[in-house]
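Asks: Sequence:
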Amino acid sequence: MISLDPQQQAAREWFESLRDRICAEFEAIEAEAGSDARFAYTPWDREAEGLEPGEGGGGVRGVMTGKVFEKVGVNVSTVAGQFAPDFAGSIHGAGEDPSFFATGISLVAHMANPHVPAVHMNTRFLVTTRRWFGGGADLNPPIEYAKDTDAFHARLRAACAPFGPDVYQRYAKWAEDYFYIPHRGVHRGVGGIFYDHLECGDDAEFDRNFALTQAVGEAFLDIFPQIVRRRMGLPFTEAEREEQLIWRGRYAEFNLVYDRGTLFGLKTGGNIDAILMSLPPLAKWS
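Residue 1170 is where the sequence shown starts when you use this note's numbering, and the numbers rise one by one after that.
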């Protein structure tokens, strides 16, 4: 029921098409492992006071539990409305006018085998009194392999290269600073890229920043399945599983205490199950 302008429609359609291709690839990996696991999709409407069903937009939560992917969520949403006054001041361009539009894709995968890294990817387009893209992807291995880390970063570096010689380094540093758990004094994983507030003041800026966001999504779809296939058949011990579960506790702490996306979803009437799909199915604190 939300009326979309051409930029908003283009962004929404691309995020949804990326979701479809990622989910198909993850299901193909499950099939290669002898599993018949498939994504279950649940539509939801944004809930806020005074809104009729569908009036504030909504999304689709996609979750799969399988042999390779112990739990993976791939969500898309397109929502609009007004930020609460106490939250609007913290959002780019919403200080004077709390109206907003947001569309995007958010993905978190927790893997059954501790040799396979968990991963996060999110890209989004927001409209307040300003328009901008944000997003990124980061790798989160309980047991790190330098080959995987290097390949992940190399693919993101290649995605950023057409947009400027310093783009990858700036966004990699942004990810390093953002995905950090201050109370633990550790990083959440081995990094990736993170960017925000890539403003679209005119059509040329929209086209450029949309192209960058698409390049990030394509890079993720290219490299992460390669890493999964490289590691998913490795044997692992109970001690390595224990290490994975304790590491997942750190991941959960970051997402519940520091993650901007979690807060944004909770503050804008998003679907609770979709917002918290980033939490692992099992974790341990020791």
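Since the hints were derived computationally from the structure, they do not count as laboratory data.
Certain hints may be false.
So the derived label-pair ranges between C-beta atoms look like this [claimed, not checked]:
1. E1313 with D1174: 39 to 49 Å
2. E1374 with A1327: 34 to 44 Å
3. F1332 with R1398: 22 to 32 Å
4. I1350 with A1373: 45 to 55 Å
5. E1411 with E1216: 21 to 31 Å
6. E1411 with G1264: 39 to 49 Å
7. A1327 with R1190: 26 to 36 Å
8. S1268 with L1414: 22 to 32 Å
9. D1174 with K1316: 37 to 47 Å
10. G1402 with D1205: 10 to 20 Å
11. A1197 with I1350: 10 to 20 Å
12. E1387 with R1207: 22 to 32 Å
Built from N, CA and C at the ideal position, the CB exists for glycine as well.
Asks: For every hint, state whether the structure bears it out.
Replies: Now the hints, each set against the structure:
1. In this structure the hint that E1313 and D1174 lie 39 to 49 Å apart at CB holds, the actual value being about 44 Å.
2. For E1374 and A1327, the Cβ-Cβ distance of about 22 Å falls outside the hinted range of 34 to 44 Å, so the restraint is violated.
3. For the hinted restraint 22 to 32 Å between F1332 and R1398, the CB-CB distance of approximately 29 Å keeps it satisfied.
4. Taking 45 to 55 Å as the suggested C-beta distance range, the pair I1350 and A1373 does not conform, at roughly 39 Å.
5. Distance hint check: the CB atoms of E1411 and E1216 are about 39 Å apart, inconsistent with the given range 21 to 31 Å.
6. Taken as a hint, the range 39 to 49 Å holds for the pair E1411 and G1264, whose Cβ atoms sit roughly 47 Å apart.
7. With their beta carbons about 19 Å apart, A1327 and R1190 fall outside the hinted range of 26 to 36 Å.
8. Range check, S1268 to L1414: about 43 Å between beta-carbon atoms, so the 22 to 32 Å window is missed.
9. The hinted range of 37 to 47 Å is satisfied by D1174 and K1316, whose Cβ atoms lie roughly 44 Å apart.
10. In this structure, G1402 and D1205 meet the distance hint of 10 to 20 Å, their C-beta atoms being roughly 18 Å apart.
11. About 34 Å separates the C-beta atoms of A1197 and I1350, a value inconsistent with the hinted range of 10 to 20 Å.
12. The given range of 22 to 32 Å is respected by E1387 and R1207, whose C-beta atoms sit roughly 23 Å from each other.
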